[in-house]
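**Q** For the protein sequence lines, the chains are H and V, in the order given. Here the first sequence is numbered in our numbering, starting from 1 and rising by one per residue. Here the second sequence is numbered in our numbering, starting from 1001 and rising by one per residue.
It is worth saying that the hints were derived from the structure and are not from the lab. Where hints are given, some of them may not hold.
[As the list claims (entries may be wrong)] Distance ranges between label pairs, derived from CB positions:
| no. | chain 1 | residue 1 | chain 2 | residue 2 | range |
| --- | --- | --- | --- | --- | --- |
| 1 | V | A1539 | H | I16 | 43 to 53 Å |
| 2 | H | E76 | V | N1009 | 30 to 40 Å |
| 3 | H | S38 | V | E1187 | 29 to 39 Å |
| 4 | H | F24 | V | A1594 | 38 to 48 Å |
| 5 | H | W65 | V | P1363 | 19 to 29 Å |
| 6 | H | I16 | V | I1399 | 54 to 64 Å |
| 7 | V | A1484 | H | K6 | 51 to 61 Å |
| 8 | H | M31 | V | V1546 | 27 to 37 Å |
| 9 | H | M31 | V | A1539 | 23 to 33 Å |
| 10 | H | F24 | V | Q1183 | 34 to 44 Å |
| 11 | V | W1296 | H | W65 | 44 to 54 Å |
[What the hints assert, rightly or not] Distance condition first, Cα-Cα at most 30 Å in a straight line; then the derived DSS-like pairs of lysine-lysine:
| no. | chain 1 | residue 1 | chain 2 | residue 2 |
| --- | --- | --- | --- | --- |
| 12 | V | K1369 | H | K82 |
| 13 | V | K1369 | H | K12 |
| 14 | H | K6 | V | K1523 |
| 15 | H | K10 | V | K1369 |
| 16 | V | K1270 | H | K12 |
| 17 | V | K1369 | H | K69 |
| 18 | H | K4 | V | K1012 |
| 19 | V | K1589 | H | K4 |
| 20 | V | K1369 | V | K1465 |
| 21 | V | K1523 | H | K4 |
| 22 | H | K6 | V | K1589 |
| 23 | H | K69 | V | K1589 |
[Unchecked claim] Computed list of chain V residues with no C-beta within reach of chain H, every gap over 10 Å:
| no. | residue |
| --- | --- |
| 24 | A1110 |
| 25 | G1114 |
| 26 | T1116 |
| 27 | T1124 |
| 28 | N1149 |
| 29 | H1242 |
| 30 | V1249 |
| 31 | K1263 |
| 32 | M1303 |
| 33 | K1326 |
| 34 | Y1343 |
| 35 | P1347 |
| 36 | R1603 |
Fair warning: this is a prediction, and the values are worked out from it, not measured in the lab. Virtual Cβ for every residue (Gly too), placed ideally from N, Cα, C.
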Amino acid sequence: MSNKEKHWEKSKNHMIITLVIWFFFSTVIFMFGAEINSMTFLGYPLAYYMTAQGSLLAFVLLIFWFAGKQEDIDEECGFGEKEDN
Amino acid sequence: MFKGGFIQNLPKIYGLYTGGFIVFIILMAIMEQAGVSKEAIGIMFVAFTVAIYALIGWLSRTVQVDAYYVAGRQVPTVFNGMATAADWMSGASFVALAGGVYFGGYGYMAFLVGWTGGYVLVSTLLAPYLRKFGCYTVPDFIGTRYGGNGVRFCAVLVLVLASFTYVTAQINATGTIAARALQIPFELGVWVGLVSILLCSMLGGMRAVTWTQVAQYIVLIVAYLIPVFWISNRIGGGVFPHLMLGDEVARIGELEQSFGLVKNSAADIKAAGVPGGLKSIAVSHTGVPEGGMAVWKYISLAMCMMIGTASLPHILMRYFTTPSVKQARKSVAWSLFFIFLLYSSAPMLATLSKISLMDPNLPTGIIGKPISAVMAIDWVQAWSAQKQVFIADFNGDGILQLNEWFMRTGVVVLATPEVAGLPYVISGLVAAGGMAAAMSTADGLVLAIANALSHDVYFKMVDPKADVRKRLIVARVLLVVIGAAGAYIASMRITSILGAVAWAFDFAMSGLFFPLVLGVWWKRATREGAIAGMLSGLAAGTMYLVYVYPKFMGNTWLSDATGIDHLRFGMIGAPVCLVVMVVVSLMTKAPDAATQRMVEETRIPSGRTILGKQH
Chain H
1 MSNKEKHWEK SKNHMIITLV IWFFFSTVIF MFGAEINSMT FLGYPLAYYM TAQGSLLAFV
61 LLIFWFAGKQ EDIDEECGFG EKEDN
Chain V
1001 MFKGGFIQNL PKIYGLYTGG FIVFIILMAI MEQAGVSKEA IGIMFVAFTV AIYALIGWLS
1061 RTVQVDAYYV AGRQVPTVFN GMATAADWMS GASFVALAGG VYFGGYGYMA FLVGWTGGYV
1121 LVSTLLAPYL RKFGCYTVPD FIGTRYGGNG VRFCAVLVLV LASFTYVTAQ INATGTIAAR
1181 ALQIPFELGV WVGLVSILLC SMLGGMRAVT WTQVAQYIVL IVAYLIPVFW ISNRIGGGVF
1241 PHLMLGDEVA RIGELEQSFG LVKNSAADIK AAGVPGGLKS IAVSHTGVPE GGMAVWKYIS
1301 LAMCMMIGTA SLPHILMRYF TTPSVKQARK SVAWSLFFIF LLYSSAPMLA TLSKISLMDP
1361 NLPTGIIGKP ISAVMAIDWV QAWSAQKQVF IADFNGDGIL QLNEWFMRTG VVVLATPEVA
1421 GLPYVISGLV AAGGMAAAMS TADGLVLAIA NALSHDVYFK MVDPKADVRK RLIVARVLLV
1481 VIGAAGAYIA SMRITSILGA VAWAFDFAMS GLFFPLVLGV WWKRATREGA IAGMLSGLAA
1541 GTMYLVYVYP KFMGNTWLSD ATGIDHLRFG MIGAPVCLVV MVVVSLMTKA PDAATQRMVE
1601 ETRIPSGRTI LGKQH
């Protein structure tokens, strides 16, 4: 397998994992909104907390993680960008 | 004190700017104590901040094509994040979001998830690849990837439709705020707003818009967070409201129980003469509605907003301005972080506003008090006079019940500082923040439309030999024309702010999402497939909208049965676009070897961009 193919294979897998996590926090949780709302977190009902703050925070962390990991993949396959600015 | 170039000194420059803004706020507070009138303070807040943006716009003027279209591709990650956040958070986010949460509860908060989750799609599927491509506009990518002016024109069509729907709402919001702060009629306020918007973008294009948007972000986030923290501390909600309002949320639940959540009948509301657009609390603050349809409505709304986010050209084009592909990725993360600061505060503001009004133990509480006493309160009188709040004594007992108190959604943000007894200077600050939010989004949108028309239609289709000077003149003329068209339509007040905003997302997702994503991720996608997909997706979505929207054909039986109403018509458009695009692509000849190589090249972060520096 060429370097290019290896890079794209890894990038694709990384994208899929990221989107699975995204789908969990954006959709799966809210399929069970009524069920999980009786639990609490920081004193807030859980479904309320997730839609007001929790999922939003998860997305922020997810994108930082995604960007960092993708940079590692680029470096590993020799497609890292030279430091600019 | 400034060594090196402008870019190296950005943290210092914006640090000084933020410091200066805080000094200005303190100065205003002192002037308020010294007896300067509320009106004068309101005018100074709006006039001073707009003057600063105009100054930045003038300093960023340029005669270079790549500075005009993509800010010279040298905007650092964090600053691009701030600019994107300002670009993103519209007048509606600033003014109406907390009010939406206040009245709509859990169901409405699907917007919060949708308007943040979409950035995951932007960063994984699109932003880094479009940056590598090196395009100036979103149709520039579509036109080069699929080849040909036909497909380029279809992309321009979707872009204009989506962005124009959005921009009228923003100019409307600037007009409303300018009218209120400067004490002028709304119709005039719209044109004042437009002039302010054009001052920022006309001379410097993307470069000027970038640096004004950073300045606008700082104003809007300060204006949003100060009241939230201040009110929370004042009513004993906790030093850090985001983590500490659990008790208040629980208390609202108890108060809802004791006052009772009553949904007024339309006949009662009409008989009492409640002005249009005002609402009373009828939905539980934290309760989750039960049943499959409620779940579907929540998820489908969030999904539409997420996919729409990833298709809106004025957002995608912000990531064309970073110096490298990896910085484009990181910049998406910073954008969402800066957006998160405001979006996670909106439900907190709604909570604080609700508890301030509902809790009889707080001095600000009005529910359960005698109506005559409530009517005597200063802010109630001021906002009633403007038909922003209303009291209807349905049961005639002289006591204000929860269902007898009506407010417009924007009041939650605009009046809460006053309700909680904060000095007027905070209200002036909030007006400046709302103005910054609406202006920055309008700027990004007007620029996205004008750039697509000047670069993709004029330069690529009409006159490919035009020199730089002529191209930039055309770009600026189009900017003014589009702004004026937006202002004209805004002054006619057609839809409510939020309806129009959600539509922009649905239009964009119906026509652009799959052509963009498949352009990067599926080498087999062809020109014919993209054209057929864009047009059929857009047509299907639009037809559905016209069919179900109450003010058009109004066949609400369909939206009631499927749960897909006019806010969610992208759920029809996007799947049609996907299916048609895949089927037609497979039926037509695969793209040639050069195009396939171009797609492979797009996927590799290092190396030169596909399109040249100047094109």
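**Q** Can you list which hints this structure breaks, lowest number first?
**A** 1, 3, 5, 10, 11, 12, 13, 15, 16, 17, 18, 20, 23, 24, 25, 26, 27, 29, 30, 32, 33, 34, 35 and 36
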